[in-house]
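Got chain B sorted already, so can you dock chains X, U and A onto it with the hints?
There are 4 protein chains.
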Amino acid sequence: MIKTTSEIAVRLIQSVGGDHMVVAAAKVSTSGESALQFSSPESGEENAGLINYLVKMRHGTPFEHSSLTFFVHAPIFVWREWHRHRIGFSYNEESGRYKQLEPLFYLPPSNRPMMKVDGWKPGRPKFELAKEDVWVSLCENLAKSYKLSYEMYEANLALGIDPGLARDCLPVGIYSACWVTCNPRSLMSFLSLRVHDERSQFVSYPLYEIDVAARACESMFQAGWPITHAAFVKNGRVAP
Amino acid sequence: MIKTTSEIAVRLIQSVGGDHMVVAAAKVSTSGESALQFSSPESGEENAGLINYLVKMRHGTPFEHSSLTFFVHAPIFVWREWHRHRIGFSYNEESGRYKQLEPLFYLPPSNRPMMKVDGWKPGRPKFELAKEDVWVSLCENLAKSYKLSYEMYEANLALGIDPGLARDCLPVGIYSACWVTCNPRSLMSFLSLRVHDERSQFVSYPLYEIDVAARACESMFQAGWPITHAAFVKNGRVAP
Amino acid sequence: MIKTTSEIAVRLIQSVGGDHMVVAAAKVSTSGESALQFSSPESGEENAGLINYLVKMRHGTPFEHSSLTFFVHAPIFVWREWHRHRIGFSYNEESGRYKQLEPLFYLPPSNRPMMKVDGWKPGRPKFELAKEDVWVSLCENLAKSYKLSYEMYEANLALGIDPGLARDCLPVGIYSACWVTCNPRSLMSFLSLRVHDERSQFVSYPLYEIDVAARACESMFQAGWPITHAAFVKNGRVAP
Amino acid sequence: MIKTTSEIAVRLIQSVGGDHMVVAAAKVSTSGESALQFSSPESGEENAGLINYLVKMRHGTPFEHSSLTFFVHAPIFVWREWHRHRIGFSYNEESGRYKQLEPLFYLPPSNRPMMKVDGWKPGRPKFELAKEDVWVSLCENLAKSYKLSYEMYEANLALGIDPGLARDCLPVGIYSACWVTCNPRSLMSFLSLRVHDERSQFVSYPLYEIDVAARACESMFQAGWPITHAAFVKNGRVAP
Numbered sequence: 001m002i003k004t005t006s007e008i009a010v011r012l013i014q015s016v017g018g019d020h021m022v023v024a025a026a027k028v029s030t031s032g033e034s035a036l037q038f039s040s041p042e043s044g045e046e047n048a049g050l051i052n053y054l055v056k057m058r059h060g061t062p063f064e065h066s067s068l069t070f071f072v073h074a075p076i077f078v079w080r081e082w083h084r085h086r087i088g089f090s091y092n093e094e095s096g097r098y099k100q101l102e103p104l105f106y107l108p109p110s111n112r113p114m115m116k117v118d119g120w121k122p123g124r125p126k127f128e129l130a131k132e133d134v135w136v137s138l139c140e141n142l143a144k145s146y147k148l149s150y151e152m153y154e155a156n157l158a159l160g161i162d163p164g165l166a167r168d169c170l171p172v173g174i175y176s177a178c179w180v181t182c183n184p185r186s187l188m189s190f191l192s193l194r195v196h197d198e199r200s201q202f203v204s205y206p207l208y209e210i211d212v213a214a215r216a217c218e219s220m221f222q223a224g225w226p227i228t229h230a231a232f233v234k235n236g237r238v239a240p
Numbered sequence: 001m002i003k004t005t006s007e008i009a010v011r012l013i014q015s016v017g018g019d020h021m022v023v024a025a026a027k028v029s030t031s032g033e034s035a036l037q038f039s040s041p042e043s044g045e046e047n048a049g050l051i052n053y054l055v056k057m058r059h060g061t062p063f064e065h066s067s068l069t070f071f072v073h074a075p076i077f078v079w080r081e082w083h084r085h086r087i088g089f090s091y092n093e094e095s096g097r098y099k100q101l102e103p104l105f106y107l108p109p110s111n112r113p114m115m116k117v118d119g120w121k122p123g124r125p126k127f128e129l130a131k132e133d134v135w136v137s138l139c140e141n142l143a144k145s146y147k148l149s150y151e152m153y154e155a156n157l158a159l160g161i162d163p164g165l166a167r168d169c170l171p172v173g174i175y176s177a178c179w180v181t182c183n184p185r186s187l188m189s190f191l192s193l194r195v196h197d198e199r200s201q202f203v204s205y206p207l208y209e210i211d212v213a214a215r216a217c218e219s220m221f222q223a224g225w226p227i228t229h230a231a232f233v234k235n236g237r238v239a240p
Numbered sequence: 001m002i003k004t005t006s007e008i009a010v011r012l013i014q015s016v017g018g019d020h021m022v023v024a025a026a027k028v029s030t031s032g033e034s035a036l037q038f039s040s041p042e043s044g045e046e047n048a049g050l051i052n053y054l055v056k057m058r059h060g061t062p063f064e065h066s067s068l069t070f071f072v073h074a075p076i077f078v079w080r081e082w083h084r085h086r087i088g089f090s091y092n093e094e095s096g097r098y099k100q101l102e103p104l105f106y107l108p109p110s111n112r113p114m115m116k117v118d119g120w121k122p123g124r125p126k127f128e129l130a131k132e133d134v135w136v137s138l139c140e141n142l143a144k145s146y147k148l149s150y151e152m153y154e155a156n157l158a159l160g161i162d163p164g165l166a167r168d169c170l171p172v173g174i175y176s177a178c179w180v181t182c183n184p185r186s187l188m189s190f191l192s193l194r195v196h197d198e199r200s201q202f203v204s205y206p207l208y209e210i211d212v213a214a215r216a217c218e219s220m221f222q223a224g225w226p227i228t229h230a231a232f233v234k235n236g237r238v239a240p
Numbered sequence: 001m002i003k004t005t006s007e008i009a010v011r012l013i014q015s016v017g018g019d020h021m022v023v024a025a026a027k028v029s030t031s032g033e034s035a036l037q038f039s040s041p042e043s044g045e046e047n048a049g050l051i052n053y054l055v056k057m058r059h060g061t062p063f064e065h066s067s068l069t070f071f072v073h074a075p076i077f078v079w080r081e082w083h084r085h086r087i088g089f090s091y092n093e094e095s096g097r098y099k100q101l102e103p104l105f106y107l108p109p110s111n112r113p114m115m116k117v118d119g120w121k122p123g124r125p126k127f128e129l130a131k132e133d134v135w136v137s138l139c140e141n142l143a144k145s146y147k148l149s150y151e152m153y154e155a156n157l158a159l160g161i162d163p164g165l166a167r168d169c170l171p172v173g174i175y176s177a178c179w180v181t182c183n184p185r186s187l188m189s190f191l192s193l194r195v196h197d198e199r200s201q202f203v204s205y206p207l208y209e210i211d212v213a214a215r216a217c218e219s220m221f222q223a224g225w226p227i228t229h230a231a232f233v234k235n236g237r238v239a240p
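Protein chains in written order, with the working numbering: chain B, 1 to 240; chain X, 1 to 240; chain U, 1 to 240; chain A, 1 to 240.
Next comes chain B alone, as it looks inside the complex (with noise of 0.2 Å):
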């Protein structure tokens, strides 16, 4: 029996530092062994015009001083983009050689733009809304396909096969759970691909789904950094 859902769940499991790291980091430049002397949270408004200082000259080294740890719960074709964010990112993934996944597949909410407008040209796709009906075909497509998949996988492990090789067999939009920590900077530098703003300097037109978890990175991000977080706004959205 499967399980679907629309949801991709971020969940913050730990981070560190925060606005007051990256100004006292910025600051060992210029003074030193002082630099130790953390400015205090409280002096907001200086903090903030070296932060944004930072953010528009793209000094972007006072920003790895801090570190945030997601567990994200979402399906593997979100994976196959999110792993190839290489540098100040770590990974630890469920994997179906050492366990049996579980039955739980995605399908879109019916507010998500689907249906293509403009053929195979790549660079800047656009989607529109589906009409209901269409949108419960691709359902029942997919949860179709999804059903035979998981039982053909399940024949497979009764066999005895290995769970590496029985797995071939199950599709993309199967849910994986994965830990990712990373830094303001690695995460400046993901957030600037993978979510779609049109204010951005250089607007990005990511996959929705990949924009769905990054948002959920973002609030968590603006949450502990407010000041970094309004600067990357200000600044069209650059990763320093």
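To be clear, the hints were calculated from the coordinates, so they are not data collected in a lab. It is possible that some hints are incorrect.
Note that identical chains are pooled: a pair holds if it fits in a single copy or bridges any two copies.
Here are the simulated DMTMM-like pairs of lysine to aspartate or glutamate, each with C-alpha atoms no more than 20 Å apart in a straight line [as the list claims (entries may be wrong)]:
#	residue 1	residue 2
1	K56	E128
2	K131	E154
3	K56	E198
4	K56	D197
5	K56	E45
6	K144	E46
7	K99	E128
8	K99	D118
9	K99	E81
10	K144	E154
Below, chains X, U and A alone, put in the same frame as chain B:
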């Protein structure tokens, strides 16, 4: 109409460097400017001693000044593992968002050890050959699921759905093409983890299919960097 | 007036994570979503077994979800080596372009082995203690040069010269402050190369002064990740 | 007897790839297996459009399948900045631990803007040309200090001191040889930060001497990747 295959194709598209570059780069540390005069490929014995010393003492950087670019055609479940190699690896892969994926799917050859013999215990999985009928059943299960997946994929595309969503039912056993560029150091790190060899100092237990791809890369690496490769093997397949 | 010192200061500014994070990250592979339930720090023995297994089998990624930030005050010749560690290391260093460097310089302590005993042979340099008068001569030579260097630096600044040019006469023995952020995996890689320990599987012969700094980092790492550190030592100080 | 120079030498030791490799790698995403058929170098106009699009949309990975190796002879203060470029850069540098460093030191040419005009304000330092006598004084100061430094270095070596310690008085103005390997993407990132160009979208204010070295690298890059370089310039020198 789907096609199936057991082949995992690896071709060398481009390479540059060789053992002489390893030697010349290493000599920068002791000879400075005159390191520009490459040691000629003829002075093999002396080079072999130096390269063996570099590998043994884990001086890794001289192995980074060469480059290999592979074209690899492999199932998605192989890419899922390969792309986890972040450092010294560059990738460009076929995109399901921008083209219709070909109906080519993986089936294991009958001589692939595939019968689980130690339950779900992680770490050092062991597998035995399958009896003919079990292998046939597995292939039938996979092919049946593959076939329906691709039919549903085509049905989704026919509805005009975003190809990046229509493909969610496609299995990890479908083939995808990718360019992979690395250097001898990053390649040796990959080989140390993705080739099973009982003579390794740290024996690894990779998935059969990525082992096949890794061995193909290794033979091309050996052809171009014979001294480096010999030192890698001699020193227990530990990447410097 | 210049000042000299033999001290290389390392302070832990910030850290997050611990052995329990290593265990929890590793368990994502086999338990998926339930990996959110951290193993409690109490279950020490079981964790020790798992962590030892991860180090031994070189499963490195679970060690990347923690973070340590050090403040280090060390001579430039130490930074010249440290900054060669590229992966999993972040730096913000004092800048001679934007501030006047302090007149603080390194002199070796008398118990630093410093007499060359095997000529210029690279690889496994050996040193013995200096006789008192030789050590004194060395310190006098260094201090004499340090002093003139700083006088000329100040003279250049007094001329109104770009500080980034005025400093060209300053020696690599002058102190510089730097923030260093890394994770347990990248730190273990650093320690395996920059601490001399005869019990290492691959014995390294680092410069004395970076060895001093590395040992200070190691003791702070050991305090926060005692099980991981014990496994690192037990497995011949090979970074997973 | 010391020698001084204003030259910073950059030579291309080895390179592989070219604009055609960028195009072919990019086409993997849309053409899969047939991406093996390289676009011929003749189809220049179409390639220029595609490459410009990749740079503009910040699709960076196709620029990673080529490689350039430079031999660079530069003062240590240049290496101090260069080595901070961690990603996509490989280095092998002359070692003061294993060889006696040559007595070659940097003096600025008279046309190097060097008079500070805005105090210690970081960020956008401005410099004017020096009057002849100021430049002469600066060079005398530097040379005087260089000379004593090297004499003390030789005295230390004559005492039989560890070369890695004896060199602590040597200045950051001494020359050091290094091999540098990078790819077009990492090189463009370097150029965007280390070349001052008013036409840049994010104008950078690098140190004069690393700017000289970077421009030399850029001209060799331009010669081998003319279309890519033109797209980089056209798009405001923002690395994709």
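Practice prompt. First find the shortest C-alpha distance between K56 and E198 inside one copy, then the shortest across copies, and answer within, between, both or neither for a cut-off of 20 Å.
Written response: both (19 Å within a copy, 15 Å between copies)
Practice prompt. With 20 Å as the alpha-carbon cut-off, assign the pair K131 and E154 to within, between, both or neither.
Written response: between (35 Å within a copy, 19 Å between copies)
Worksheet item: Is it within, between, both or neither when you check K56 against E128 at 20 Å Cα-Cα?
Response: neither (35 Å within a copy, 25 Å between copies)
Item to complete: First find the shortest C-alpha distance between K56 and D197 inside one copy, then the shortest across copies, and answer within, between, both or neither for a cut-off of 20 Å.
Response: Both ways: K56 and D197 sit 18 Å apart in one copy and 16 Å across, limit 20 Å.
Discussion item. For K99 and D118, with the copy left unspecified, which applies at a CA distance of at most 20 Å: within, between, both, or neither?
Written reply: Between copies only: 13 Å across chains, 41 Å inside a chain, cut-off 20 Å.
Fill in: Intra/inter-copy verdict for K56 and E45 if alpha-carbon distance must be at most 20 Å
Intra 16 Å, inter 34 Å, cutoff 20 Å: intra-copy only.
Fill in: K99 and E81: within-copy, between-copy, both or neither at 20 Å Cα
between (23 Å within a copy, 16 Å between copies)
Item to complete: Tell me, please, which holds for K144 and E46 at an alpha-carbon limit of 20 Å: within, between, both or neither?
Response: neither (58 Å within a copy, 42 Å between copies)
Worksheet item: When no copy is named, should K144 and E154 be tagged within, between, both, or neither for a Cα gap of at most 20 Å?
Response: both (16 Å within a copy, 14 Å between copies)
Worksheet item: How would you classify K99 and E128 at a CA-CA limit of 20 Å: within, between, both, or neither?
Response: Between. Shortest inter-copy distance 19 Å satisfies the 20 Å Cα cut-off; intra-copy 38 Å does not.
Hint compliance for this structure: hints 1, 6 are broken, all remaining hints hold.
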